[in-house]
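Spelled out from the first residue to the last, the chains are:
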Amino acid sequence: MQLKAREISKKFGNNLVLSEFNCSVEPGSCTVVTGPNGSGKSTLLRILAGLTRPTRGNVQLIDDEGKIFPVREARNYLGLVSPDIQLYGELTATENMLVFSQMRGEQKASEYFLELFQNFDLLEYAHALVGSFSSGMKQKLKIIFALSHNPFILLLDEPTTNLDEVGVKAVEEVVKRYKEENRSLVLTTNDAQEAQKFGDKVIRLGEARSGSGG
Amino acid sequence: MEIKSSGWVKRVAALVVKDIKSELRTRYALNSLFMFALVTLVVVSFTLGPMGAEPRVHAVLLWIALFFSSMAGISRGIVQEVEKGTADALRLTVPAELVYVGKLIFNTCLLLIVNLLILLFYYFFMSPTGNGVGGVILVVMLGTISLSGASTLLSAMVARASLKGALLPVLAFPILLPALLSAVEVTQLAFKGRLLLDWGGDLQMLVFYPLILITASYLLFPLVWED
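Keeping their order, the protein sequence lines are chains A and B. Mapped onto the working numbering, the consecutive letters of the first sequence carry residue numbers 1 to 214. Mapped onto the working numbering, the consecutive letters of the second sequence carry residue numbers 1 to 227.
So that you can see chain B by itself, here it is in the shape it has in the complex:
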C-alpha cells in the first residue's frame, strides 16, 4: 500500500494513542514490568545487604534487572494483538511498516518511563556510591532504545509461538549482547563519575547500534508481521 508522507504521521500517532489508552485501561505491560523489576531489585538488595559493591557489580546488576524486566513486559503489546485477534484488524487497516513505527514509539516511551523508575528504585535499594547520576540516566536511556528496537521485532516473531515468554529473552540476548556489554562498561564508568569524553567507543556503540537494529527491524518487520 502506498504510504503518503503527509498522512503517515497521523496514522502512526493514532496507533500510539490507541496503545497508550489500552495500556492505561488494562495495564498488561506496566504491571509485568514493574512487578518483575521490583522483585529482582528486592532480591538483589537482600543478597548484597549493607556491604555494598564495586561500580562494575552495580552496573551488571542494574542491566540484568533492566534487560529481564523489559523482556517480561515489552512483548505484551504485539503478543496481545495476536492473542486477542485484533492483529488481523490492524493488518487490514495499517501497513506493516507503520505498525512497526507505532509499536516502536510506544515500546520506547513505556520502557523509558519504567527503566528510569527502575533506576530510581535501584538508587533507593542499593545506594551505589559515586556522583555520576546524570551519566547513568543517559546510558539507561540509550540502552533502552536498543532494548525496544530489538524486542519490537522479536515480539512479533514470538507472538505465534507457544513459549512466548521464554523465547523472547533467548532470542533477544545474542542480538542485544553488543549493546548490553557497552552499556555495562559505560554504566560502571558513569557510577565512578567519569565524564562523557572518557566513554570512548562504548558510547558510539550505544548511539549507533540501536540505529542499525531499528533500520534492520523496520525492513524485516513486514515479513514477520504478515502471514
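Okay, chain A solo, but in the shape it has when bound:
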C-alpha cells in the first residue's frame, strides 16, 4: 500500500504553510519530515491523514492492485499520533481502546490491548482514568491508539515527545517492526539524531516555505 501526496498547498488566511508539496511513501520505508517550528510538519501529517483539507492538491492511497482511494475514505488503513488528538479523559485506558475498536467495527477483547500496554509500560494503568495520566503516559496511549487497529501506514507527529526511556525504545521497536513487515511510516521530528536513526528518506520543510521529496 502506497501513500501519495500530489502538489499539496495549504494556506491559513494569508499564511502559506505548504506550497506544492509532493511525496510518495513507499512500503517498508520510514519517511522523516523535519523543519523548524511553523514549517508545516504537523499540518502535512494532518493532511496525509485526511483530517485537514489541503487548499490545493490531493492525497491518495494506492493498494497493491493499483486501486486508488481518496485518503478520507480509507482512514482505517492509517494510524495517526498527533498532539491535537486527545482520548477520553473520563474513560479508562482500556475503555478508550475498546470503544474506539468497537466504533471501527472490530471485535477485539481487552486482552488484545494488554500486550500493547505492556510494551509501553502502561499495564498497571490499564484500568486508570486517562484524565489522571501525565503527558508522557497520554503520549504512550496515543501511540497505542494509533497502533490498535494495526494500520498499514503510521503517521507519527513527534512521537517521542514527553516519552521516557521505555517509551522511546517502544517507538524504535514499532519503527523497526513496520519496516520488517513492509509497512510504511511518516515521522516528524526536530531531532537530527532521531531523523538519521529512523529515516530512509528525510524531507526538510520550511526552506522557501516548501518541501519536496520522492
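It should be emphasised that the hints constitute simulated quantities derived from the structure, not laboratory data. Each residue gets a CB set at the ideal place from its N, CA and C atoms; glycine is no exception. Careful: at least some of the hints might be erroneous.
[Said to hold, decoys possible] Pairs of lysine-lysine residues, derived as DSSO-like cross-links and limited to a Cα-Cα distance of at most 27 angstroms, are as follows: (1) K179/A to K197/A; (2) K21/B to K84/B; (3) K192/B to K138/A; (4) K164/B to K4/A; (5) K67/A to K179/A; (6) K138/A to K84/B; (7) K138/A to K179/A; (8) K21/B to K10/B; (9) K176/A to K197/A; (10) K164/B to K11/A; (11) K176/A to K11/A; (12) K138/A to K176/A; (13) K138/A to K169/A; (14) K4/A to K67/A; (15) K21/B to K11/A; (16) K192/B to K84/B; (17) K108/A to K169/A; (18) K21/B to K138/A; (19) K164/B to K108/A.
[Claimed, not checked] Estimated spans, in silico, between C-beta atoms of each pair: (20) G134/B to N150/A: 51 to 57 angstroms; (21) G134/B to N58/A: 53 to 59 angstroms; (22) V170/B to H127/A: 21 to 27 angstroms.
[What the hints assert, rightly or not] Here's a subset of chain B near chain A, in silico, CB distances under 8 angstroms, partners left out: (23) G7; (24) R11; (25) K21; (26) R25; (27) T26; (28) K84.
Given chain A's structure and the hints, the job is docking chain B onto it.
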C-alpha cells in the same frame, strides 16, 4: 469509507454507549439542562403566582422552557468533543454519517428524559388545568425529536465558533419555528383535553417536520463535521 450495513448498527451503538458512559461520569449536559429548566420554571411560577393562566399561555411558557433548556445542554456533546480534542480521534475512527446518527440517538434520548422531567416539574409548579396529560406528553415527545434533529447538526456548526452558547439558539430558532408553532398550538389543545383527531395539520407538522430536518441534517453533517 464504505459503511457495511451489518456493522454500522454496532458501531453506532458503541458511540451511543460511550456517550452515555461519559455523560454519567461528567454530567456536563445533564447539569446544564436541569439547572436551566429549573431556574426558568421557578421564575415563571413566581411571576404567574397562584392566579394561573390560560392553556395557550401555559403552552407558550412550557415550550420556552423546553426550547432554551434544550439549547443550553444539547450542544455540549459535540462541542465537548471539539474542545477536548477528541473529535479528531472520532473522525479517524467513525464516518461522519455514523457520528451524526450516534449523536442524534444520544441527544434524543437525553432530551426525552429531561423534557419529560421538565413537564413533570411544570405540572408541579404551575398546575395547569385540564385533563390532557397524555396528549401533552405525546406533543413534548414529538417536539423533542425536532429539537434534537436540528440541534445535533447546528451544534457541530457552532462547535468551532467562540460564541457557541449564544449562537446555537439564534441559529436553531428560525429552523425550529414551524415545529415550535405547531407544538404550541397542539399543546394548548392538549391542555384543554382535546383529542388527537382535533389536532389536524399541526400534528402532521410535528410528525413530518422532524423527518425532513433529520434527513437534511444527515446529508449535511459530513460537510460540517469534516474540515
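The hints, checked one at a time:
For the proposed pair K179/A and K197/A, the alpha carbon gap of about 13 angstroms is at most 27 angstroms, so the pair holds. As the CA atoms of K21/B and K84/B are separated by approximately 16 angstroms, the hinted pair is consistent with the 27 angstroms bound. Annotation: proposed proximity of K192/B to K138/A is violated, straight-line Cα distance about 58 angstroms (limit 27 angstroms). Between K164/B and K4/A, the direct Cα distance comes to roughly 37 angstroms. Violation of the 27 angstroms bound is thereby established for this hinted pair.
Distance check on the hinted pair: K67/A and K179/A sit about 23 angstroms apart at the alpha-carbon level, within 27 angstroms; holds. For the hint pairing K138/A with K84/B, the CA-to-CA distance comes to about 14 angstroms; that is within 27 angstroms, so the pair holds. Only pairs whose Cα atoms come within 27 angstroms are accepted, and K138/A paired with K179/A is accepted, the gap being roughly 25 angstroms. Under the criterion of a C-alpha separation no larger than 27 angstroms, the hint pairing K21/B with K10/B is consistent with the structure, at around 16 angstroms.
Simply put, K176/A and K197/A have alpha-carbon atoms about 11 angstroms apart, close enough for the 27 angstroms limit, and the pair holds. Note on K164/B and K11/A: the hinted pairing holds, with a Cα-Cα distance of about 25 angstroms set against a maximum of 27 angstroms. Of the pairs offered as hints, the one joining K176/A and K11/A is violated, with about 35 angstroms between alpha carbons and a cut-off of 27 angstroms exceeded. Restraint check for K138/A and K176/A: satisfied, since their Cα atoms lie roughly 22 angstroms apart, inside the 27 angstroms limit.
A distance of roughly 16 angstroms separates the Cα atoms of K138/A and K169/A; the hinted pair therefore holds under the 27 angstroms criterion. Between K4/A and K67/A the alpha-carbon distance is near 13 angstroms, which keeps this suggested pair within the 27 angstroms criterion. A hinted pair counts as satisfied when its Cα atoms are at most 27 angstroms apart, and K21/B with K11/A does not qualify at roughly 39 angstroms. Under the criterion of a C-alpha separation no larger than 27 angstroms, the hint pairing K192/B with K84/B is inconsistent with the structure, at around 47 angstroms.
In summary, the hint linking K108/A to K169/A is supported, as the alpha carbons are separated by about 26 angstroms, within the 27 angstroms threshold. At most 27 angstroms may separate the alpha-carbon atoms for a hinted pair to count; K21/B and K138/A meet this at roughly 20 angstroms. At most 27 angstroms may separate the alpha-carbon atoms for a hinted pair to count; K164/B and K108/A exceed this at roughly 37 angstroms. For the pair G134/B and N150/A, the beta carbons lie near 54 angstroms from each other, so the given range of 51 to 57 angstroms is met.
About 57 angstroms separates the C-beta atoms of G134/B and N58/A, a value consistent with the hinted range of 53 to 59 angstroms. With their beta carbons about 43 angstroms apart, V170/B and H127/A fall outside the hinted range of 21 to 27 angstroms. Residue-level restraint check for G7/B holds (minimum Cβ-Cβ distance to chain A is 4 angstroms; threshold 8 angstroms). Of the supplied interface hints, the one on R11/B holds, with its beta-carbon coming within about 5 angstroms of a beta-carbon of chain A, less than 8 angstroms.
Contact between K21/B and chain A, as hinted, is supported at the beta carbon level, the nearest pair being about 7 angstroms apart and thus within 8 angstroms. The beta carbon of R25/B is positioned within 8 angstroms of a beta carbon in chain A (closest approach about 4 angstroms), and the interface hint is therefore held. At its closest, the beta carbon of T26/B sits 5 angstroms from a beta carbon of chain A; the interface hint therefore holds under the 8 angstroms criterion. This hint holds: K84/B has a C-beta 6 angstroms from the nearest C-beta of chain A, less than the 8 angstroms allowed.
When each numbered hint is compared with the structure, violations occur for hints 3, 4, 11, 15, 16, 19, 22.
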